[in-house]
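*Asks:* Got chain A; can you put chain B on it based on the hints?
So the protein lines, in turn, are chains A and B. For reference, each letter of the first sequence is one residue, going 1 to 236 in my numbering. For reference, each letter of the second sequence is one residue, going 1 to 287 in my numbering.
In case anyone wonders, no lab produced these hints; they're calculated from the structure. The beta carbon of each residue, even a glycine, is placed where N, CA and C say it ideally should be. Don't take every hint at face value.
[What the hints assert, rightly or not] Here are some chain B residues pointing at chain A (derived, C-beta under 8 angstroms):
| no. | residue |
| --- | --- |
| 1 | Ser172 |
| 2 | Asp173 |
| 3 | Thr177 |
| 4 | Gly179 |
| 5 | Met181 |
| 6 | Gly182 |
| 7 | Val183 |
| 8 | Asp184 |
| 9 | Pro219 |
| 10 | Ala220 |
| 11 | Ala256 |
[Unchecked claim] Residues on chain A that point at chain B, a partial pick, calculated with CB under 7 angstroms:
| no. | residue |
| --- | --- |
| 12 | Gly69 |
| 13 | Ala70 |
| 14 | Ala73 |
| 15 | Met77 |
| 16 | Pro92 |
| 17 | Ser93 |
| 18 | Met102 |
| 19 | Glu110 |
| 20 | Phe232 |
| 21 | Gly233 |
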Amino acid sequence: MTALLETKGLTARYGDFQALFGVDLRLDAGETVAIIGANGAGKTTLMRSIAGVLANGPGEVLFDGQPIGALPAAQVMARGIAMVPEGRKLFPSLSVEENLLMGAYGRKVEGPWRLDTVYDLFPVLKERRNNPGTALSGGQQQMVAIGRALMSNPRVLLCDEISLGLAPVVIRDIYAAFPQIRAAGASIVIVEQDIGQALKVADRVSCMMEGRVTLTGRPAELSREDIHAAYFGVHA
Amino acid sequence: MIWVDTIVQGVLLGGLYALFAAGLSLVFGVMRLVNLAHGDLIVLGAFLILVIVSALGLNPFLAALVALPVMFCLGWGLQFVVLNRTLGDDILPPLLVTFGLSIVIQNALLEGFSADSRRISVGGLEAASVSLGPIAVGVMPLLTFLSAVAVIIALNALFYRTALGRAFRATSDDPVTAGLMGVDPKRLFATATGIAMIVVTIAALYLGTRSNFDPTIGPARLIYAFEAVIIGGLGSFWGTLAGGVIIGVAQTMGAAINPEWQILSGHVAFLLVLLFRPRGLFPRAND
Chain A
1 MTALLETKGL TARYGDFQAL FGVDLRLDAG ETVAIIGANG AGKTTLMRSI
51 AGVLANGPGE VLFDGQPIGA LPAAQVMARG IAMVPEGRKL FPSLSVEENL
101 LMGAYGRKVE GPWRLDTVYD LFPVLKERRN NPGTALSGGQ QQMVAIGRAL
151 MSNPRVLLCD EISLGLAPVV IRDIYAAFPQ IRAAGASIVI VEQDIGQALK
201 VADRVSCMME GRVTLTGRPA ELSREDIHAA YFGVHA
Chain B
1 MIWVDTIVQG VLLGGLYALF AAGLSLVFGV MRLVNLAHGD LIVLGAFLIL
51 VIVSALGLNP FLAALVALPV MFCLGWGLQF VVLNRTLGDD ILPPLLVTFG
101 LSIVIQNALL EGFSADSRRI SVGGLEAASV SLGPIAVGVM PLLTFLSAVA
151 VIIALNALFY RTALGRAFRA TSDDPVTAGL MGVDPKRLFA TATGIAMIVV
201 TIAALYLGTR SNFDPTIGPA RLIYAFEAVI IGGLGSFWGT LAGGVIIGVA
251 QTMGAAINPE WQILSGHVAF LLVLLFRPRG LFPRAND
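Pulled out of the complex, with its shape left as it was, chain A reads as follows:
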């Protein structure tokens, strides 16, 4: 079966610094894959490479079997891959509602996600829809960032470090929305440093270290020792 999203031997560089070394990743339709790893492991670089933000080196990114590795971010998004970037990256000049509407700028397709259904998913955003996006709390900003990505009715949702800097209770609230997002039809790639959270939501987990995938498997099949070794490069 053709994977919905796949990278084959993907490499990426920041100038002279090589950040990814032949990364293979597979996401099937309806699946949630979590990518875990320590700071600097290459998780965000992988997300940016798939989304078209970062120019890729040798290697392939395939979406529905079609190569998209050379496309710019706007065209990748138009094909149905939306990204929730690390740090939320809300537009400070725009209100909450305008931030959400921007999410559908480059891809206007019928689907389950519209302004009203995003407000149903995160009711607090409706109350604060006329506030500047950046005036919200960190958790609410993350809800805007996720809602903004959903507005394009993506087939693949890339979530980069959505729990970063948030209180555990807020993280729980945000992850509580994911079953509904999956049920609406999106396949999800989650980059997460919180191993416990990643294991809870993912169908499969890939661990990265120093720009390479060091472990892949289903959460139930991975032992604590395997993950520890893949995450830190040393055995517990």
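*Replies:* Positioned in the frame of chain A, the structure of chain B alone reads:
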């Protein structure tokens, strides 16, 4: 009553300066590009209208309508092919390239039209006036001011009530993240410059019909435009109108005291605003 008349004339003159400045404000607001060729593009627009009037025998207002799509395409192409390559973290390349463009436009116009001073005739409208109570105002200055207000209203509506305007503001905030929303920043910037050139054409119409112009007067118009934009606060359209009016009123009041003080008074008003409000009167919150 003389002072009231002076202030009214200054407000109307400010409309012309606001038109000079609005395109500059738009381009700076969207892509943080300081276009040193802006004044020369206004002069280029005036020559284009002059050519259309001469060749087709059209009324200047109709000629401006014909010039609008030409100038839009010129701006779109200029941004897409040339100016987009200069954008980045370093502010020097756009300054150097637009300075060079200014010189190229001036010399091309000198080559094509000579250094002779020109004017676009609007017939009887030039001398027509209307009475506002005890004060008589010229029809052309009044039309200029009303056009400036209409341009500012239109730009505000575009920026704050349309999807394109949202994309302009989002891309101005963060072009990389805007790309994740499906925005192609290069095409969006080209569209912004195209729209700025529509405003430039309107400014060119009033420049050409209200005063003499020649290929070398662009840089002086650029200075007025800069001063209006900076007084108003970078990226604020209503601020740009206010900036133009402040310069206009300062100039007419200076001229009323001593005709030699007209230009100087405008510059002094600009410096005073900079002294007390360095970010302008209506700065954007996130600048």
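*Asks:* Compare the structure with each hint and give your call.
*Replies:* Hints, verified against the model:
Interface restraint check: B:Ser172 against chain A, minimum CB-CB distance 7 angstroms, threshold 8 angstroms, status holds. The interface hint given for B:Asp173 is met, as the beta carbon of that residue sits about 4 angstroms from the closest beta carbon of chain A, less than 8 angstroms. The restraint placing B:Thr177 at the interface with chain A holds, with a minimum CB-CB distance near 4 angstroms, inside the 8 angstroms limit. Hint on B:Gly179 holds. Least Cβ distance to chain A is approximately 4 angstroms, under the 8 angstroms limit.
The beta carbon of B:Met181 is positioned within 8 angstroms of a beta carbon in chain A (closest approach about 5 angstroms), and the interface hint is therefore held. The beta carbon of B:Gly182 is positioned within 8 angstroms of a beta carbon in chain A (closest approach about 1 angstroms), and the interface hint is therefore held. Interface hint status for B:Val183: upheld, as the beta-carbon distance to the closest one in chain A is roughly 6 angstroms, under 8 angstroms. A hinted interface residue such as B:Asp184 counts as satisfied when its beta carbon comes closer than 8 angstroms to some beta carbon of chain A; here the least separation is about 5 angstroms, so the hint holds.
Contact between B:Pro219 and chain A, as hinted, is not supported at the beta carbon level, the nearest pair being about 31 angstroms apart and thus beyond 8 angstroms. The closest approach between the C-beta of B:Ala220 and any C-beta of chain A is roughly 33 angstroms, which is over the 8 angstroms cut-off, so the hint fails. At about 41 angstroms, the closest approach between the beta carbon of B:Ala256 and any beta carbon in chain A exceeds 8 angstroms, and the interface hint on this residue is violated. With 7 angstroms as the threshold, the beta carbon of A:Gly69 stays out of range of chain B, its nearest partner Cβ sitting at about 16 angstroms, so the hint is violated.
Annotation: interface hint on A:Ala70 violated; nearest CB of chain B at approximately 15 angstroms, more than 7 angstroms. The interface hint given for A:Ala73 holds, since its Cβ lies 4 angstroms from the closest Cβ of chain B, which is under the 7 angstroms cut-off. Annotation: interface hint on A:Met77 holds; nearest CB of chain B at approximately 5 angstroms, less than 7 angstroms. The beta carbon of A:Pro92 comes within 4 angstroms of a beta carbon in chain B, closer than 7 angstroms, and the hint placing it at the interface holds.
Interface hint at A:Ser93: satisfied, since its Cβ lies 4 angstroms from the closest Cβ of chain B, which is below the 7 angstroms cut-off. Checking A:Met102 against chain B by beta carbon gives a least distance of about 5 angstroms; that is within 7 angstroms, so the hint holds. The interface hint given for A:Glu110 is violated, since its Cβ lies 16 angstroms from the closest Cβ of chain B, which is over the 7 angstroms cut-off. At about 31 angstroms, the closest approach between the beta carbon of A:Phe232 and any beta carbon in chain B exceeds 7 angstroms, and the interface hint on this residue is violated.
Taking 7 angstroms as the C-beta cut-off, the interface hint given for A:Gly233 is violated, the closest approach to chain B being about 31 angstroms.
When held up to the earlier numbered hints, the structure conflicts with 9, 10, 11, 12, 13, 19, 20 and 21 and fits the remainder.
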